[in-house]
Each structure stands twice: as C-alpha cells, then as structure tokens.
Amino acid sequence: MGRKLLLEHINVPGINTFDVYRSKGGYASVEKALKTMSPEAIVEEVKKSGLRGRGGAGFPTGMKWSFLAKPEGVARYLVCNGDESEPGTFKDRYLMTYIPHLLIEGMIVASFALGANTSYIYLRGEMMPQVRILERAIAEAKAKGFLGKNILGTGYDLELYVQPGGGAYICGEETALLESLEGKRGNPRIKPPFPAIAGLYGCPTVVNNVESIAAVVPIINEGGDEYAKIGIGRSTGTKLISAGGNLKKPGVYEIELGVPVEEFIYSDEYCGGIANGKRLKAVVAGGSSVPILPANLILKTINNEARLMSYESLSDGGFVSGTMLGSGGFIAYDEDACIVRNTWNFARFYHHESCGQCSPCREGTGWMEKVLHRLEYGHGKMSDMDLLVDVSKKIEGNTICPLGDAAAWPVASAIRHFRDEFEWHVTNASEATSRNYGLAHYADPLKVVETA
Amino acid sequence: MLRVDEAQEPVEFSPALISKFDEIVSRYPQGKQKSGLLPILHLVQAEFGWVSAPAMDKVAEYLSILPIEVYEVATFYTMYFLRPQGKYVLEVCRTSGCCLVGAEKIMDHIEETLGVKEGEVTPDGLFSWRGVECLAACGYGPVLQIGPEYTFYENLTNESVDKLISDLKAKAKN
Chain A
7 MGRKLLLEHI NVPGINTFDV YRSKGGYASV EKALKTMSPE AIVEEVKKSG LRGRGGAGFP
67 TGMKWSFLAK PEGVARYLVC NGDESEPGTF KDRYLMTYIP HLLIEGMIVA SFALGANTSY
127 IYLRGEMMPQ VRILERAIAE AKAKGFLGKN ILGTGYDLEL YVQPGGGAYI CGEETALLES
187 LEGKRGNPRI KPPFPAIAGL YGCPTVVNNV ESIAAVVPII NEGGDEYAKI GIGRSTGTKL
247 ISAGGNLKKP GVYEIELGVP VEEFIYSDEY CGGIANGKRL KAVVAGGSSV PILPANLILK
307 TINNEARLMS YESLSDGGFV SGTMLGSGGF IAYDEDACIV RNTWNFARFY HHESCGQCSP
367 CREGTGWMEK VLHRLEYGHG KMSDMDLLVD VSKKIEGNTI CPLGDAAAWP VASAIRHFRD
427 EFEWHVTNAS EATSRNYGLA HYADPLKVVE TA
Chain B
400 MLRVDEAQEP VEFSPALISK FDEIVSRYPQ GKQKSGLLPI LHLVQAEFGW VSAPAMDKVA
460 EYLSILPIEV YEVATFYTMY FLRPQGKYVL EVCRTSGCCL VGAEKIMDHI EETLGVKEGE
520 VTPDGLFSWR GVECLAACGY GPVLQIGPEY TFYENLTNES VDKLISDLKA KAKN
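Each protein sequence line maps, in turn, to chains A and B.
Count along the first sequence from 1, then add 6; that gives the number in this note's numbering.
Count along the second sequence from 1, then add 399; that gives the number in this note's numbering.
One should not assume that every hint holds.
To be verified - In silico PhoX-like pairs for lysine-lysine, Cα to Cα no more than 20 Å straight-line:
1. K190/A with K457/B
2. K197/A with K30/A
3. K431/B with K190/A
4. K431/B with K457/B
5. K562/B with K572/B
6. K255/A with K284/A
7. K572/B with K190/A
8. K504/B with K562/B
9. K504/B with K457/B
Claimed, not checked - Have a look at the derived ranges for each label pair, beta carbon to beta carbon:
10. K400/A with W449/B: 50 to 56 Å
11. K376/A with E519/B: 33 to 39 Å
12. L465/B with A81/A: 24 to 30 Å
13. D392/A with T556/B: 40 to 46 Å
14. I464/B with K41/A: 40 to 46 Å
15. E422/B with E429/A: 54 to 60 Å
None of these hints come from the bench; they were simulated from the model.
Beta carbons are placed, not taken as given, at the ideal position from N, Cα and C, and that holds for glycine.
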C-alpha cells in the first residue's frame, strides 16, 4: 500500500466537518506555520519538497511562489484554480466534496506564505454543490478562529471567498481565470507580464491548483525533505489520479509517484484491470490534452522499460513515443473503443471551448472537428489524415494560451498511433456509419504500431 | 446567441435578491464590484429561470457598468440561458469519458422519453435537455446535472433516468 498524504482520512465519517477534521490532526499546519515559521521559511519548505503544480503543467510550486513581486503598499492575492474541466480529470471535485477543510487549511498556510490577506477559490460554475460545501466549511473555520481577523492571535488576517465561474474550460488557464474573476469573458492574457507581477486587479498574484494547495499541508506538517523522499526522480510526493473509461474500478486514487502504469491499471489496489474481461487498447494518461498512447507504449517505453506514473517516465522521448502526467486524468480504452469517434469527441470539445481570441485555434479546432466528423460518419478521404496533421501543426505553438496545443496533440497523436484505424473508416465507410455508439468493428485493435 | 426579438418583460429584483447581490459585491476590493457579475448572473437565472435582456440591463445598472459588459459575459459562458427553458433542464455530459460508458444512449433515451429535441422545451413547460461538455465526473459516468442547484446524478441507466423524470413530474405537481 502506498502512503496516503491527502486522502488518509477520506473514509472517516464526518471528515467534511471541522470538528472531525480537527480531531484527525487537521489545521496543525496552520498552527505550525503561523506561530513558528516565517513566510520565507514556508516557501523554502515547499521548494525543498519538490512539489510540482498538480493542475497539469507540472511547474515547481515553490519556485512559482518565489517569483511573486512584493511591492510595498500593494495587495497580493492567492487564487485557487478549481476550474476542473479537462476531460478525464475529476480529482479536485472529489477532494473538495469529501475533505473540504484540507483545501481551506492549505489556502491559509499558502496565503500567509505569500502575504495575501484576501484569497479566492475559483470553482467552475457547474460545481455549485462544492461551492456550498466549501462555503459551509469556510464559515466553520472562521467561527473557530482559523480565518478572519487576527488568526489564532498571531496578528495575521485572511478572508477567503469562493467564486463560481460560468461554464468555460478556458478559465482553467490562469490568466483567463483571472479575467473571469474580474467579471469578464475568459480570454487569456498575453504573458508577460505574468500573474506574479500583474495578476488579479493588476496586483501580484499566485494561481495554484486545488491539489497543489492541499499538498502544502503535509509538506508543512512533515517537512519538505520528508515529502521529497516519496516518489521518484523529480516527481516527488503523492499524486491524485482520476481513473475513468473502461476500467473495472474507476475512481480517484492517491499514488506515490513512480508506481508502474501496469500495476496501476491491473492491480486490485487501484483500477483492478479492464472492465468486462476486455483487452486494453489505449490510454490517455493525463487528461484529454495529452497525447494518447496505444497499450504497448503505455505499459512499456520504446526502450522496453516499464513505464511509470511519473512526470519524466510518461514523457520520455517527447511526443514521438511519450505522453504526459498532466492533471492525472487517466482514461482507459478497451479493445471495442473507437479511436476515430473518441478523437472527434475531443476535437468537438476543443472547438466548443476555444475562446476564439486566436485565429489558429478558433478556425483550426473547427476545421479538425469537421474533418473528423466526416471520417467518423463515413464520408472521409484518405488525404484527411494528412490534412488533420497539417492543421494540428499550424495550431500548435501559435496561440496565446496552451488550449491550441491541447487541441492539436490528441488529434496528431491519435493519427500517429492509430492511422490504420482512421484508414479503415475510409475504406469501410458503410460499416463505419452503421456502427453503434463508438463500438468499433475494427479488425485488429491491438496491432502494434511502429513509432519513429 | 443573444436574441433581441424575444418578447421580454421588464423585471424587478426583490429586496431579498438585492441583498444577496450586496453580499457578493462585499467580497471584492472597492471599485472592483464587476467581479460579482458571474455569481450575480447565476442568482438572476436561479430566480427567473433564464437571463433576459431587461434582467441584464438591471444587473448593469446595479453594478454601475455598461449593459454591453453584461451581454458579452452572458453570451460567452455556457451556463447562462439566454432564452426561456423548461423548469428542469437536464444537462447530460457528452464528452469522451461518459460516452465510453453510454452517454450517447442516455441522450437518445431522454430525447425519446421527453419527445423533444435538444434545446427544445416540452409542451407542458417542464423539461428541456442538452448535451454539455465535460462535467468532471468521468469515473462515475454517464452523468447529468440539473440547475439551479446543479444536483448531480451519476452512473445513469435508462431506468434511473425514467425514475428521475417521473420524480420531477411529481415534484412539479405538488
């Protein structure tokens, strides 16, 4: 059994209430941080821990904190990014629903470290139940003296608010989130300036994912060095993985980074294997925006080593053979899953969610969706696959924010690894159109695909 | 898109609603009251079932911003209804994780059961339905949500959807 740092008490009845959470050692990190540590010492502990942003980008959290500008007389803000909308990812919803005080505890410590006196938890608007859960938990923490004026008699003041969005995936991008929090359309800002210099209301701001902020609690309690001992290489600590798709036991799992992918999929401790006795065909390992990998490459690298659940192992070889840990949104596809239909589904998602600010993304995502739609419904041409790759290349790297890349990679990787399945849709158009809900009648789903 | 040809009655915000607006605006620094726009539009939709142009004008007046600043936000985000909907809007996740476990079949079943296409309202005014993009519950699919509380229903089957619809019909009668 791997160590559990975030979900250790998740099954304790009433852990969503202040009193039960406190009885299990909750809010100890607030006492330790506010009473015995300086803000700089907290940032140093987070740096030592090696914690990398859990929202998807994997940028070192301590380093991000140390970039924060500290001009005199100007407010600083901490904003929690709870705009969880990446297909495949549902870990933050789980954490906030069942153990909301863990996030609030992390917010207090992080806000103190950053010198913020007002902090916001931005949640996607669809998570109204979680808005209510967090607001209730904030009221409890405030009543017990952990929020508000003069927290625990230390002289530190903090107000914490929950802000619902309006339903837009793009608001998971940190500058779009800040625009949305300012009451505007979620159009990403051109960087620089980065939020650390000019963020919310033009003030220095740190934006962190829900899980990153929750991870600050065990880092302060046990020390950054202890946290860094867990994991492998530069992938330290534990990570929440949300596993969905054709798995026997889908759900949210906390793993120590470095667990072999094969163990994660097939062991009873985690997903228990593929549902209905089917074979594994492919995996999206870190949310829809990361490249899809066929079964052979998700279980082993091109060098025939076991692939591990870590930032480095999943991305070895860049996009030729690898993928990314991303947000930890793990989708498994069984042998019946239709890659063409799935790729069309992803393309439709990104077209729908593009904010429309950059032409390559606005036009390119729609173009890819149309071409994939005709392939899926039996009107495709053999030249479509090259066209899709061409369009994806023209989007990638040519947009203000990473949504363009996120739209391009699933399409390009699906064609790279499953080109023969796309071709099958062209040559067997009548059979393709008669298919029922994405169940492929494709002859050889597990055929090993050569990679460069 | 915003339709200006809808017959749109003037709206009045009750003192209770205004006091909720006031509480929201108190969360932001002075002069940054526009930050309250998204939460306030949610409250307006919960009260009236949708966000009409006169309601948006009133919100602009309350926040001391231009009406266009409200329109551009309401038309950007997918959660705001710019025309009347059924009393209950069934929003089914139609993204990959849910489709792998049958979301498309569930949408077909809802269409057949309610007898209206996506985006239409049933003749009794009770229901409309639509597919929405990823609801961040891929491990529990297929899922749907119903506003204004955004109650969440997981692991849907045709039978559980039938029961949900009949429960909502009974609730509407009482």
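Verification of the hints:
1. The hinted pair formed by K190/A and K457/B meets the criterion: a straight-line CA distance of about 17 Å does not exceed 20 Å.
2. Between K197/A and K30/A the CA atoms are separated by roughly 42 Å; this puts the pair beyond 20 Å, and the hint is violated.
3. Between K431/B and K190/A the alpha-carbon distance is near 12 Å, which keeps this suggested pair within the 20 Å criterion.
4. This hinted pair checks out: K431/B and K457/B have alpha carbons roughly 18 Å apart, not beyond 20 Å.
5. Distance restraint check for K562/B and K572/B: the Cα-Cα separation of roughly 15 Å lies within the 20 Å cut-off, and the hinted pair is therefore satisfied.
6. Proximity of K255/A to K284/A is assessed by CA-CA distance (about 14 Å); at most 20 Å being required, the pair is judged to hold.
7. Taking the CA atoms of K572/B and K190/A, the gap is near 39 Å; set against the 20 Å cutoff, the hint is violated.
8. In summary, the hint linking K504/B to K562/B is supported, as the alpha carbons are separated by about 16 Å, within the 20 Å threshold.
9. Taking the CA atoms of K504/B and K457/B, the gap is near 41 Å; set against the 20 Å cutoff, the hint is violated.
10. Checked against the hint of 50 to 56 Å, the C-beta distance between K400/A and W449/B comes to roughly 39 Å, which is inconsistent with it.
11. At about 25 Å, the beta-carbon gap between K376/A and E519/B misses the expected band of 33 to 39 Å.
12. Against the hinted window of 24 to 30 Å, the Cβ-Cβ separation of L465/B and A81/A comes to about 26 Å, which satisfies the hint.
13. For the pair D392/A and T556/B, the beta carbons lie near 42 Å from each other, so the given range of 40 to 46 Å is met.
14. Roughly 43 Å separates the CB atoms of I464/B and K41/A, a value that falls within the hinted 40 to 46 Å.
15. Between E422/B and E429/A the C-beta distance comes to about 59 Å, which sits within the given range of 54 to 60 Å.
Hints 2, 7, 9, 10, 11, counting from the list given before, are not met by this structure.
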